[in-house]
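Required output: the full structure, derived from the provided sequences and hints.
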Amino acid sequence: MKNLGWRQWALVLAFLSVLCFTGFFAVRTVRDAIYWHHHQDEPIRGWMSVGYIAHSYHVPPHVLYQALGLPHKPPDKRPLREIARGQNRPMDEVRAVLMDAIVHARPPYPPPPPPPPPADPGRSP
Amino acid sequence: MSITDQLLAALLLYGLPVLFGVVVIASVGVPFPVSLMLVAAGSFAEQGYMKLWQIIMVASMAAILGDQIGYGLSRWGGRRLILRIGRRLGGESKIKKAEALSKRWGGAGIFLSRWLVTELGPWLNVTSGIARYPWRRFVFWDVLGEVLWVVLYVTLGYIFSDRVQAIADILGNLAWVILGLIIATILGWKLFRYFRPVRVSAEKTAVLLDTAS
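Protein chains in written order, with this note's numbering: chain Z, 1 to 125; chain Y, 1 to 213.
Just so you know, these hints were derived from the structure itself, not from any lab.
Among these hints, one or two may not hold up.
Selected chain Z positions facing chain Y (in silico; Cβ < 10 Å) [claimed, not checked]: (1) L11; (2) L19; (3) T29; (4) G51; (5) R78.
When the alpha-carbon atoms are kept at most 25 Å apart in a straight line, the in silico DMTMM-like pairs for lysine to aspartate or glutamate are as follows [claimed, not checked]: (6) Y:K190 / Y:E119; (7) Y:K51 / Z:E82; (8) Z:K73 / Y:D162.
Just so it is clear, CB atoms sit at the ideal spot from N, CA and C, and this is done for glycine as well.
And the structure:
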C-alpha cells in the first residue's frame, strides 16, 4: 500500500465529494421522473397563460376563460399574474377559480358544453 | 414572482426578442434558466403562439453570438491580462501548456459543453479565447453544438408541451449528474493511475539485475 501525501488525500476527498454531489442530483432526477410519471398536473404558476393551463390540464380553453370572465376569442396570451392584476384579484383566488373549473370539466362531471359563438358587434341580441 | 417566472411571462408576451436577449446573456455567462426558456418556447410553438423554425433560428444565432462575445473578450482582452500576470508569476510555460491542451482537446470540449454539459459552456469560451484556440475551429464546433442544443431542447418542449416545468426540472438535474460523472471519471482515473501496481518491463528488469550483479 502506497503512502498518501496531501495531494492524494485531496484527490480522494474531491473524488468522494463529486460522487456525493452526483448521487444527490441522480436521486433528485429519479425522484422527479417518478413524481411526474404519476402526477399528470403541474402546479399553476404566475407565468402560465390560460391557454397553456388548459393545454397542460387537458380541458377546453373556453371553460377556463369563462371561469375568469374573459372572452375566449381572440385567445388571451397574458400570463396569469397579469390577468390577476388586471382583475384586481390575488393570485391564489385566480388559481382557486381555475382549479374549480378544471375539476368540473373532468370526469366524473359531464363534459363541458361547446364554446359559445363569439359576440357579433353588428347584431343586436 | 421569481426571475424564472418573470422571464417566462416576458417570453409569452413578447416572444422572440426576449428569447434572443436571454440566450445571448446566458451564453456570455449570466446564470439565466435558459434551458427552461427553450423548452417553454417549444411548448408555445406547439400551441401556436410561436413558430418552431423561428425559435430554432433565433435561439441558435443568439447562443452563437453570446459564445463569440465570451471568446472574443477573453482572447483580445483577457489574454493580455493573463499573460502580464503570468509573466510576473513566472507561469508563461503553463499558459503555453494550456494552449497546447486546448488545441488538442478543445474541439470535443467545446462541442460537448454546448449541449451536454451546458453549465461549462461560458467557461470553455473564456479558456478557448485565452488559450488562443483557432477561431475558425471554435466557430465550427460552436455552431454544431449550439444548433444541436437548441433543436434538442425546443423539440423536447414541443413533444412534451403540456409538461414544461417537469421537463425543465428533470433536464436541470440531469445536466448536473452528467457533469458530476465526467469530473468523477477524471478524478477516478487519476486515483487509479496512482494506486495501480507499477509494471516493470523485461528489458528494465534485465538492466536492473545487471547493475545489481
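Going down the list of hints, with the structure as the test:
The restraint placing Z:L11 at the interface with chain Y holds, with a minimum CB-CB distance near 6 Å, inside the 10 Å limit. Because the smallest distance between the Cβ of Z:L19 and any Cβ of chain Y comes to about 6 Å, under 10 Å, the interface hint for this residue holds. A cut of 10 Å between beta carbons decides the hint on Z:T29: the least distance to chain Y is about 4 Å, and the hint holds. At its closest, the beta carbon of Z:G51 sits 6 Å from a beta carbon of chain Y; the interface hint therefore holds under the 10 Å criterion.
With a cut of 10 Å, the hint placing Z:R78 at the interface with chain Y holds, because the nearest CB-to-CB distance is about 7 Å. At roughly 23 Å between alpha-carbon atoms, Y:K190 and Y:E119 fall within 25 Å of each other, so this suggested pair holds. About 24 Å separates the Cα atoms of Y:K51 and Z:E82, which keeps this hinted pair within 25 Å; it holds. With a C-alpha separation of about 21 Å, the suggested pair Z:K73 and Y:D162 falls inside the 25 Å cut-off, and the hint holds.
In this structure, every one of the numbered hints holds.
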